[in-house]
Amino acid sequence: MTTPSTPRAAVAPAKRTASVLLVGNPNVGKSTLFNALTKARQHVVNAPGTTVALAEGTWCTDCADVTLVDLPGTYSLIARSPDEQVAADAVSDPAHALAVVVLDATALSRSLYLLGQVARAGRPVVAALTMIDLAEARGIAPDATALSDALGIPVIEANGRNGRGLATLAEAVSTALVSPSFVAGVTRRDHEEILRDRLTDAQELFDWVESVGDAAVPASAPHSTVTDKLDRVLLNPWVGPAAFLAVVWGVFQLTTVVAAPLMDGVARAVSGPVADALSATLSVLRAPDWLDSFAVSGLLAGVGTVLSFVPLMAIMFAAVSALESTGYLARVAVVADRAMRTLGLDGRAMLPLIVGFGCNVPALSATAVLPHARQRLLTGLLVPLTSCTARLAVYLLLAHTFFPGSAGTVVFGMYVASVVLVIGWGLIARHTVLRDIRPEPLIIALPDYQWPHLRTLGVSVWTRVMSFTRKAGSVIVVAVMVLWVLQAIPVRGDHPIADVPVADSAYGAIAQGAAPALAPMGLNDWRIAASLVAGIAAKEVVIGALAQSYAIDDTNDQSTLGEQVRATVERTSDGAPAAAALALMVFVLSYLPCLATLAEQRRLFGWRWTAAAAGAQFAGAYGLAILVFQVGRLL
Amino acid sequence: MSGVFGAVMEQLANGASPRSAARTLGISLDLAAAVADQASRMGLVITAGSACGTCIPSSSPACAGCPFTGAKAS
Numbered sequence: 001m002t003t004p005s006t007p008r009a010a011v012a013p014a015k016r017t018a019s020v021l022l023v024g025n026p027n028v029g030k031s032t033l034f035n036a037l038t039k040a041r042q043h044v045v046n047a048p049g050t051t052v053a054l055a056e057g058t059w060c061t062d063c064a065d066v067t068l069v070d071l072p073g074t075y076s077l078i079a080r081s082p083d084e085q086v087a088a089d090a091v092s093d094p095a096h097a098l099a100v101v102v103l104d105a106t107a108l109s110r111s112l113y114l115l116g117q118v119a120r121a122g123r124p125v126v127a128a129l130t131m132i133d134l135a136e137a138r139g140i141a142p143d144a145t146a147l148s149d150a151l152g153i154p155v156i157e158a159n160g161r162n163g164r165g166l167a168t169l170a171e172a173v174s175t176a177l178v179s180p181s182f183v184a185g186v187t188r189r190d191h192e193e194i195l196r197d198r199l200t201d202a203q204e205l206f207d208w209v210e211s212v213g214d215a216a217v218p219a220s221a222p223h224s225t226v227t228d229k230l231d232r233v234l235l236n237p238w239v240g241p242a243a244f245l246a247v248v249w250g251v252f253q254l255t256t257v258v259a260a261p262l263m264d265g266v267a268r269a270v271s272g273p274v275a276d277a278l279s280a281t282l283s284v285l286r287a288p289d290w291l292d293s294f295a296v297s298g299l300l301a302g303v304g305t306v307l308s309f310v311p312l313m314a315i316m317f318a319a320v321s322a323l324e325s326t327g328y329l330a331r332v333a334v335v336a337d338r339a340m341r342t343l344g345l346d347g348r349a350m351l352p353l354i355v356g357f358g359c360n361v362p363a364l365s366a367t368a369v370l371p372h373a374r375q376r377l378l379t380g381l382l383v384p385l386t387s388c389t390a391r392l393a394v395y396l397l398l399a400h401t402f403f404p405g406s407a408g409t410v411v412f413g414m415y416v417a418s419v420v421l422v423i424g425w426g427l428i429a430r431h432t433v434l435r436d437i438r439p440e441p442l443i444i445a446l447p448d449y450q451w452p453h454l455r456t457l458g459v460s461v462w463t464r465v466m467s468f469t470r471k472a473g474s475v476i477v478v479a480v481m482v483l484w485v486l487q488a489i490p491v492r493g494d495h496p497i498a499d500v501p502v503a504d505s506a507y508g509a510i511a512q513g514a515a516p517a518l519a520p521m522g523l524n525d526w527r528i529a530a531s532l533v534a535g536i537a538a539k540e541v542v543i544g545a546l547a548q549s550y551a552i553d554d555t556n557d558q559s560t561l562g563e564q565v566r567a568t569v570e571r572t573s574d575g576a577p578a579a580a581a582l583a584l585m586v587f588v589l590s591y592l593p594c595l596a597t598l599a600e601q602r603r604l605f606g607w608r609w610t611a612a613a614a615g616a617q618f619a620g621a622y623g624l625a626i627l628v629f630q631v632g633r634l635l
Numbered sequence: 001m002s003g004v005f006g007a008v009m010e011q012l013a014n015g016a017s018p019r020s021a022a023r024t025l026g027i028s029l030d031l032a033a034a035v036a037d038q039a040s041r042m043g044l045v046i047t048a049g050s051a052c053g054t055c056i057p058s059s060s061p062a063c064a065g066c067p068f069t070g071a072k073a074s
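Quick mapping for you: the protein sequence lines, in order, are chains X and S.
In terms of our numbering, the numbers along the first sequence are unbroken and rise by one, the last being 635.
In terms of our numbering, the numbers along the second sequence are unbroken and rise by one, the last being 74.
Quick caveat, the hints were computed from the structure, so don't treat them as lab data.
Even glycine gets a Cβ: it sits at the ideal position worked out from N, Cα and C.
None of the hints are false.
Pair by pair, the computed Cβ-Cβ distance ranges are:
hint: 1; chain 1: S; residue 1: Gly6; chain 2: X; residue 2: Ala184; range: 18 to 28 angstroms
hint: 2; chain 1: S; residue 1: Glu10; chain 2: X; residue 2: Leu454; range: 31 to 41 angstroms
hint: 3; chain 1: S; residue 1: Gly43; chain 2: X; residue 2: Thr463; range: 22 to 32 angstroms
hint: 4; chain 1: X; residue 1: Ala393; chain 2: S; residue 2: Ser2; range: 53 to 63 angstroms
hint: 5; chain 1: X; residue 1: Leu454; chain 2: S; residue 2: Ser2; range: 35 to 45 angstroms
hint: 6; chain 1: S; residue 1: Ser2; chain 2: X; residue 2: Phe618; range: 47 to 57 angstroms
hint: 7; chain 1: S; residue 1: Gly6; chain 2: X; residue 2: Arg470; range: 44 to 54 angstroms
hint: 8; chain 1: S; residue 1: Gly43; chain 2: X; residue 2: Asp190; range: 19 to 29 angstroms
hint: 9; chain 1: S; residue 1: Gly43; chain 2: X; residue 2: Arg470; range: 26 to 36 angstroms
hint: 10; chain 1: S; residue 1: Gly6; chain 2: X; residue 2: Arg438; range: 19 to 29 angstroms
hint: 11; chain 1: X; residue 1: Leu262; chain 2: S; residue 2: Ser2; range: 50 to 60 angstroms
Which chain S residues face chain X? A few, computed with CB under 7 angstroms, are given here:
hint: 12; residue: Ser2
hint: 13; residue: Leu12
hint: 14; residue: Asp30
hint: 15; residue: Val35
hint: 16; residue: Ala36
hint: 17; residue: Gln38
Here are a few chain X residues that sit away from chain S, every Cβ distance over 12 angstroms (derived from the structure):
hint: 18; residue: His43
hint: 19; residue: Ala242
hint: 20; residue: Ala280
hint: 21; residue: Thr401
hint: 22; residue: Met414
hint: 23; residue: Val482
hint: 24; residue: Val541
Modelling step: build the complete structure from the supplied sequences, incorporating the hints.
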């Protein structure tokens, strides 16, 4: 950095010029000090080669006109941002004659660590001690003289607001420019040497910080806080997991019980008044019937599906963001860490997997709690194996129909099977396509508990819901429209377009073509195949599609539907209906994610991973269902 | 790891917050917080704020690949 030539320099040739850095942690009064020292003699420049703005000003001391550079605040010279990198680069630049390091009297250790790093760079230093009045009020004010003795450099109490100590600081800087002062107890190291062994460097500097702090700061009695008391419970090896399950149950309830009426309300509004209004408009415009059907049953149904997810996503995002901002999510990660590490994940992966038992779509979005892309990917690929509530309706129908005496046990078994599949596929993925995932030690600097900031929460929820609506929504709408087209096109009989019995539609033809593939699992029936094809759109549709195929108008009458399904399966399974029903449940559990889940996976991980995972999942489900049937029929 | 840095790291690894680590070790909170911050910069520790959720939009390196920033996972 060069010192700008000024008229003042021209009229005062006897004075030398020098560049001095003002270095400090954020919010330590550094800029206040800069303004007080330079007054109006300052301007803003970009740091060399960057867009980071720096304030430079002229500070007139007794022996020199100093160009004072107000560096961006930082806690460390290991930079996290471009601003911090500018500070780190400036400190190691020998063009600057001196650094004035601002020490915060209320948080001296953090300031001392930065001072130690500046000293490591070999920069002569003068220290300005700020916030002394606050530190005095808290009884932790350091003794400036003792601090100066321990550091071996001038330490000046300075207050930019009232000007106290500024003259003394100017005097100290003038002296240091003539006779540089270096921090005692810190060995100078070059940049490469520090980079080679940052750990040793940090250990040495912190030991030095502790010894200087002990010499200059009065001891204060520790006291227990609310965070400490809560952590004694929530991090307890026994109580912690139970509390976690209770919280998860609450989130589960939010995603099912609370969101369900809202989703129904949106769906009813779209399929009711909105659909009626659209039909009426098209009728006024004399649109043909197929266009009315396409607009209402295709386009609007797709939009309705997307909109019906919005309340669920908003509630889910709000719950996850709130848990995170209170600091609880970090505790969950600590509690669940050991179990998840067997899969190469850490404790934070537990939340999305648990949420998946409510609905896979927000669970995928909840993978954002994981810090690494590969961990998000593995968790996101496992989420569809968690049995969402939509699949529960299928289990209940089949369990009550085929296992009336032990339906509850069978349904519970499906959830156990879901967990086993998650673990199994996780281990397979980790040892094949995701071998590079390493179970990293999870050390979290747990934050104190705090109330969520509502505005931040609102922005977070809004941003994420909009992202879902724009990206996943477009895929869902297109997919639902494709399904409509398949159901609207007649391939048999003399039916007009968009008024076709399911069996005679392209959709029905596909189902009839797919049905023989289900024979090895004892389910060679086009109606079952059709329901599974429709279930790709949404698992909620499986029961409705079965009912539609059996031409049952009242889908609430599950016993009648059950009898029909039982009669079909007894025929297709060659006398082993229970084994075939179990195979069907296992297949429904894992054959393919619904369209919304696929769309969300594509949005998060791209088509390649989504297609590969869906293919592998389908193949696994197919093989497993055949195995269940073939073994089951022998028992 | 040794010294006060190692002692704080051990506390964090056992699920302590910087505050409780400071209390247990009898050191100042800002010293424990400085250790946690420096360890985080060195990639040894995760700070809750740098993990997710609060990265709207993409405010930390941890947000790289986050779906909400528009970037794809590799």
